[in-house]
Amino acid sequence: MSSLSFGTCAVISPFSSYLSSFIIFHHSLPFINHYHYLPLRFLSPFYWVIFCKMAALVRHRVSLFGNDAPAIVNCLHILARSLDARTVMKSGPEIVKAGLRSFFEGAADDIEKMVENLKLGKVSKGNQQVKGVSQNINYTTIALLPVLTSLFDHISQHQFGDDVLCESLDDLQMSCYRIMCAIYSLGTVKNPHVERQMPALGECLAHLAAAMPVAYLEPHLNEYNSFSVYTTKTPRERAILGLPNEVQELCQDIPELDVLLKEIGDLAESGARYTEMPHVIEITLPMLCNYLPRWWERGVEIFPELEGQICTDVTSEQLNQLLGSIMKIVVNNLGIDEASWMKRLAVFSQPIVSRAKPEMLKSHFIPTMEKLKKRTGKVVAEEDHLRMEGKAEGDEEEGTIREEFAVLCRDLYALYPLLIRYVDNNRARWLTCPDPDAEELFRMVGEVFIFWSKSHNFKREEQNFVVMNEINNMSFLTADSKSKMSTVSQYHLGLKSH
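Just so we're aligned, residue -12 is where the sequence shown starts under my numbering, counting upward by one.
Among the hints, erroneous ones may be present.
To be verified - Taking lysine to any residue pairs in the SDA-like style, the calculated list, with each CA pair at most 20 Å apart, reads:
id	residue 1	residue 2
1	K177	I82
2	K344	P423
3	K40	E103
4	K361	V432
5	K100	A43
6	K100	R165
7	K358	G322
8	K220	E233
9	K177	E233
10	K361	F429
11	K344	K360
12	K358	E390
13	K349	L321
14	K106	R183
Calculated directly from the structure, the hints in this document are not laboratory data.
With the hints as extra help, turn the sequences into a complete structure.
Next up, the structure:
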């Protein structure tokens, strides 16, 4: 590592950890004495300046860092998760806000340029004229998208979106609209590079959906949103900002909420496989799984007195509709090879499970668990048959059985995190009012556990799956019920934890 990279990381890491922990403490206790916060209020703008300066350096000179580029990007991750946006927006100097404008505007430009390059097919050409194209692709993929993901995640977790992306910095909101439309559009491009980046694109868009202060999938209700530039600015001011006349024209590439939900429901009902809908699974589903809970909490079911004057129509029925579609997609793809995307389903679906209705136990969870239990019994029976025939460890049949157990573990890890969260939400009700369907569910889960405990190959493949995917089996059990989307290692639960 170069002295520049080492020095940067060494300076930033300890102070960022300190500031980040203080931000969490401060915003969890709104009554805290603000005089105690005074020293860190001066530190926060300093961190924003460092973040913006370093981001600009990486954007224009990323090649200078060579093999140390990941270390510098990691510094940006640390800074992005250590920023107190609320304080800066209220009392920060203008230089900080100017740096933020420049960062977000540059990010939107770079992602839009990447979309254009990929759609025009410039990436596949290997001559000198595409050197700039290659640099744009590499920077956007390696640095920009991951840093934006961390930043939007931080903004949404601490509910900074209403402070950062609202009236005080209108152009930031417009840059986020551009980023959102570009990422969604990028997911529709048929290109090997895009296919490899689909999960990262979906995660970034999901965190942006959780941070945006406007219900952008319901533009017909935007007039009731006090944070939208279309309600805070006059037509003349909007024209100066370069906005279209109507808010519906801002995100023409992204269908509205009802259209997206119907598309997902139709695909799930048709039994479609991943190859028929990669954009839906990797881009649309993660976005909706964060969009729906965010706006349900601000919707008419929570504020019935505001009916007819509220900026969203999201209901718990829509959350259940989406969760039901996800469960059907899981069932449609059980047992197929090369489906690593299935383990991500349980990750980005977490925010909507808490709204699952009791009826989903019988209509979705029990049928899915029944199918998995039967598959588990079938594979274990095949293993027993081979053992009785005295097949050796290296035999082809034995290798096939291990592959089947590997696929089975992946399928169980796609369902169990959803199932555990659902059970956790309903346990108290089932204890006070016993439910035969719940007892049937527990019985099937217990049978799968018994199969696991008696099978050497099953236990070994499950352990391999845990190690390969860096899964912490206890993290799901200890996760906050309001946790949003995160890495697989933060949400999945191993069989042996039951």
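Which of the numbered hints above does this structure break?
-> Violated hints: 1, 3, 9, 11; rest satisfied.
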